[in-house]
Amino acid sequence: SQTIHQWPATLVQPVGSPLSLECTVEGTSNPNLYWYRQAAGRGLQLLFYSVGIGQISSEVPQNLSASRPQDRQFILSSKKLLLSDSGFYLCAWSRGLNEKLFFGSGTQLSVL
Amino acid sequence: AQKVTQAQTEISVVEKEDVTLDCVYETRDTTYYLFWYKQPPSGELVFLIRRNSFDEQNEISGRYSWNFQKSTSSFNFTITASQVVDSAVYFCALEGYDKVIFGPGTSLSVIP
Chain A
1 SQTIHQWPAT LVQPVGSPLS LECTVEGTSN PNLYWYRQAA GRGLQLLFYS
51 VGIGQISSEV PQNLSASRPQ DRQFILSSKK LLLSDSGFYL CAWSRGLNEK
101 LFFGSGTQLS VL
Chain B
1001 AQKVTQAQTE ISVVEKEDVT LDCVYETRDT TYYLFWYKQP PSGELVFLIR
1051 RNSFDEQNEI SGRYSWNFQK STSSFNFTIT ASQVVDSAVY FCALEGYDKV
1101 IFGPGTSLSV IP
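As given, the protein sequences belong to chains A and B, one line each in that order. Each residue of the first sequence is one higher than the one before, counting from 1 in my numbering. Each residue of the second sequence is one higher than the one before, counting from 1001 in my numbering.
It is worth saying that the hints were derived from the structure and are not from the lab. The beta-carbon is built from N, C-alpha and C at its ideal position, and this holds for glycine as well. Each hint should be verified, as a subset may be incorrect.
[Stated by the list, open to error] According to the in silico footprint, chain B covers these stretches of chain A (three or more CB under 8 Å from chain B):
| id | segment |
| --- | --- |
| 1 | 16-29 |
| 2 | 66-77 |
[Claimed, not checked] Lysine-lysine pairs mimicking BS3-like chemistry, simulated, CA-CA at most 30 Å apart:
| id | chain 1 | residue 1 | chain 2 | residue 2 |
| --- | --- | --- | --- | --- |
| 3 | A | Lys80 | B | Lys1016 |
| 4 | B | Lys1070 | B | Lys1038 |
| 5 | A | Lys79 | B | Lys1099 |
| 6 | A | Lys80 | B | Lys1099 |
| 7 | B | Lys1038 | B | Lys1003 |
| 8 | B | Lys1070 | B | Lys1003 |
| 9 | B | Lys1038 | A | Lys100 |
| 10 | B | Lys1099 | B | Lys1070 |
| 11 | B | Lys1099 | B | Lys1003 |
| 12 | A | Lys100 | B | Lys1099 |
| 13 | B | Lys1099 | B | Lys1016 |
| 14 | B | Lys1038 | B | Lys1016 |
| 15 | A | Lys80 | B | Lys1070 |
[As the list claims (entries may be wrong)] Just a few of them, taken from the derived set where beta-carbon distance is under 8 Å, the chain B residues facing chain A:
| id | residue |
| --- | --- |
| 16 | Ile1011 |
| 17 | Arg1050 |
| 18 | Pro1104 |
Make the full structure from the sequences, and use the hints.
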């Protein structure tokens, strides 16, 4: 069966510090991978998605970047965090276009 | 441009009442998919249903039912005989030719 792992569950970081959130998927190959952010107020904002290794699509200009160094690994990074980067970050995967999303358990990031 | 609107921000119902969550979407894609996801207090989103744009049949799954009306661009979700465990944030989502767009979510509270 397929599983998705996302860590850490919670993270408190000072402004200006770097960030690295990791997401891995097991039990499938060549998944589509996604990073979403859910700020206070619940809306889900798509940040990045990837249909293959090294292929990253960015949805909104921001202080964050994403990388996919391996088929089932998706990393969300920042060189210098801003207060506005605080939120709940969700990683997700799907088998392909128009397929349902499987979500990770999320990372609550607080930038202080 | 694609857009998903969930006009109801918060809904409270008493247990055993029926409740309908509204979803209205906009897209120029001729083929698209609609989804509903549930986010319980634990934070992890759970897939509920997927419907493609060519299938307007209503669907029922236990206490859940969905009404897809292409003419009004709506994909509403009804919970019959609500239970406390139904308390969660519910998201409607749309996927056309590339990415998934989520609505802002509706927070449902079922009061015992």
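query = Can you list which hints this structure breaks, lowest number first?
reply = 1, 2, 3, 13, 15 and 16
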